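Protein chains: 2
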Amino acid sequence: MISVVIIGKGNVGIHLYKAFLNADGIGVTQINSRNLENVPIADVTIIAVSDDAIAEVSSKVKNSFVVHTSGSVSMISLKNKTDRGVFYMLQTFSKNKEVDFSEVPFCLEAENNEKYLFLEKLAKSIGNNVYQIDSKQRKAIHVAAVFVNNFTNHMYKMGNDICIEHQVPFEILQPLIEETAIKVKTLLPEKAQTGPAIRNDKKTIKNHLDLLNNKQKEIYTIITKSIQNGD
Amino acid sequence: MISVVIIGKGNVGIHLYKAFLNADGIGVTQINSRNLENVPIADVTIIAVSDDAIAEVSSKVKNSFVVHTSGSVSMISLKNKTDRGVFYMLQTFSKNKEVDFSEVPFCLEAENNEKYLFLEKLAKSIGNNVYQIDSKQRKAIHVAAVFVNNFTNHMYKMGNDICIEHQVPFEILQPLIEETAIKVKTLLPEKAQTGPAIRNDKKTIKNHLDLLNNKQKEIYTIITKSIQNGD
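Going down the list, the protein sequences come from chains G and C.
Here the first sequence is numbered in this note's numbering, starting from 1 and rising by one per residue.
Here the second sequence is numbered in this note's numbering, starting from 1 and rising by one per residue.
Think of the hints as simulated: they come from the structure by calculation, not from any bench.
All of these numbers come straight from a predicted model, not from anything done at the bench.
Treat each hint with caution, since some may be false.
Because identical chains share one entry, a pair is satisfied inside a single copy or across any pair of copies.
Stated by the list, open to error - List of simulated lysine-lysine pairs, DSS-like, C-alpha gap at most 25 Å: (1) 62 / 81; (2) 97 / 206; (3) 203 / 97; (4) 215 / 202; (5) 60 / 79; (6) 79 / 185; (7) 215 / 225; (8) 191 / 95; (9) 79 / 206; (10) 185 / 97; (11) 81 / 121; (12) 79 / 202.
All chains should be modelled from the sequences, with the hints used to inform the complete structure.
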């Protein structure tokens, strides 16, 4: 039996706690990050709090192995005196939506091989996709995730605005959105590109710009150029 | 039996031909757009050629009902003297990838209700999702599609570049990419937004910028601002 303490009751903490509850061979306790006086002893203590609070929370934990779950904080930011590691799950967690951990990539890091193998065992108790990722790589993944998640979602938002303005249901775009996402599973994004920008179809680009407001025009123009430059 | 002629052997023409071949109650013929001397007579003639060629091709067709398949060309750009319409399928078609027409939204337009109902029947012989969309709405959909497909794919491309540079497999982002796409099925994109931009997390934004090259920085900065401004 592996004993796990999760510190933090945000989206990540809550979903992770539920997953470990249902896992074989794991005993899990969850505590609020404001009650650090009596952290139960455990094989691993998982700090799932906001990035800014990780250093302070970790400085108060005396347990033997402490990890955080952040994509953008380095392992050495942990201020516990014992072994350190990272247990980063690369997925977007929403409050009211179940997480399928079998699909989540686990990005793991530890100060030594023994602890790494321990984290791997822990991840495999709830998931399948485990990667050994150091702090530098994890930072790069986090930036890449901003592009493919946050920025992509903003493209959906701008598409939705255009639909609202022209009285078209956004749902009409959903199959295209999903196909676009699935396509890059088998085709490099560079090879998957289509549309007026990559074709340098000036007439269509002009027609599109005529339909947009100034803010939409700015984004349209800059991304079109970026596609054409192969950025 | 409905008789269909498809003019054009590009991606759209080829996939559409295959779909009609397998449909009940449809007889379909496909011809190359360079052989317009002997277009077979048919209940509907579908012009699936590049946008720029639609007017010219349509001017040479004498059949009674002629439609095109373009998202960005208006119905009245058709130059045949008989009834006109539009049979636009809102999906990205790739040469070597099967198309599931049951998932494709059909955006239909015709000059009168009788012809519209005919197109609806035709679309339902191969698909399920049929929308009555006029030329103005279709143009807006086409621009929105550029945002959610071409521009989104460019975000994937930039994410992939970051992965390559930092020796991380791009596949690690695939579950996040797919979850991001599926999320907007049930949540407005505006509500689905997360990450450093919407949180105005300046420290993380600065860390991200430090990791990017100048061109990536430009895109990162502009989209971050656009998210923060609620554009």
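Self-check item: Homomeric proximity label, residue 79 with residue 185: Cα distance no greater than 25 Å
Solution: neither (39 Å within a copy, 41 Å between copies)
Quiz item: When no copy is specified for residue 185 and residue 97, does a C-alpha distance of 25 Å or less occur within a copy, between copies, both, or neither?
Solution: both (24 Å within a copy, 13 Å between copies)
Quiz item: When no copy is specified for residue 203 and residue 97, does a C-alpha distance of 25 Å or less occur within a copy, between copies, both, or neither?
Solution: neither (43 Å within a copy, 28 Å between copies)
Quiz prompt | Homomeric proximity label, residue 215 with residue 202: Cα distance no greater than 25 Å | solution = Answer is both; intra-copy 20 Å and inter-copy 23 Å each pass.
Quiz item: Is the C-alpha distance from residue 79 to residue 202 at most 25 Å within one copy, between copies, in both cases, or in neither?
Solution: For residue 79 and residue 202, the Cα distance is within 25 Å only across copies (23 Å; inside one copy 56 Å).
Quiz item: Are the CA atoms of residue 215 and residue 225 at most 25 Å apart within a copy, between copies, both, or neither?
Solution: both (16 Å within a copy, 11 Å between copies)
Quiz item: What label fits residue 79 with residue 206 when the C-alpha limit is 25 Å: within, between, both, or neither?
Solution: between (55 Å within a copy, 23 Å between copies)
Exercise. Classify it for me, residue 191 with residue 95: is the Cα-Cα distance of at most 25 Å met within a copy, between copies, both or neither?
Key: between (35 Å within a copy, 12 Å between copies)
Practice problem: Could you figure out if residue 81 and residue 121 sit no more than 25 Å apart (CA to CA) within one copy, between two copies, both or neither? | Solution: within (23 Å within a copy, 71 Å between copies)
Practice problem: State whether the alpha carbon distance between residue 60 and residue 79 is at most 25 Å within one copy, between copies, both, or neither. | Solution: within (8 Å within a copy, 77 Å between copies)
Quiz item: Given identical chains, is residue 97 near residue 206, meaning Cα to Cα at most 25 Å, within a copy, between copies, both, or neither?
Solution: neither (41 Å within a copy, 30 Å between copies)
Quiz item: How would you label the pair residue 62, residue 81 (within, between, both, or neither) given a Cα cut-off of 25 Å?
Solution: So residue 62 and residue 81 pass the 25 Å test inside one copy only (7 Å; across, 84 Å).
Checked against the numbered hints listed earlier, the structure breaks hints 2, 3 and 6; every other hint is satisfied.
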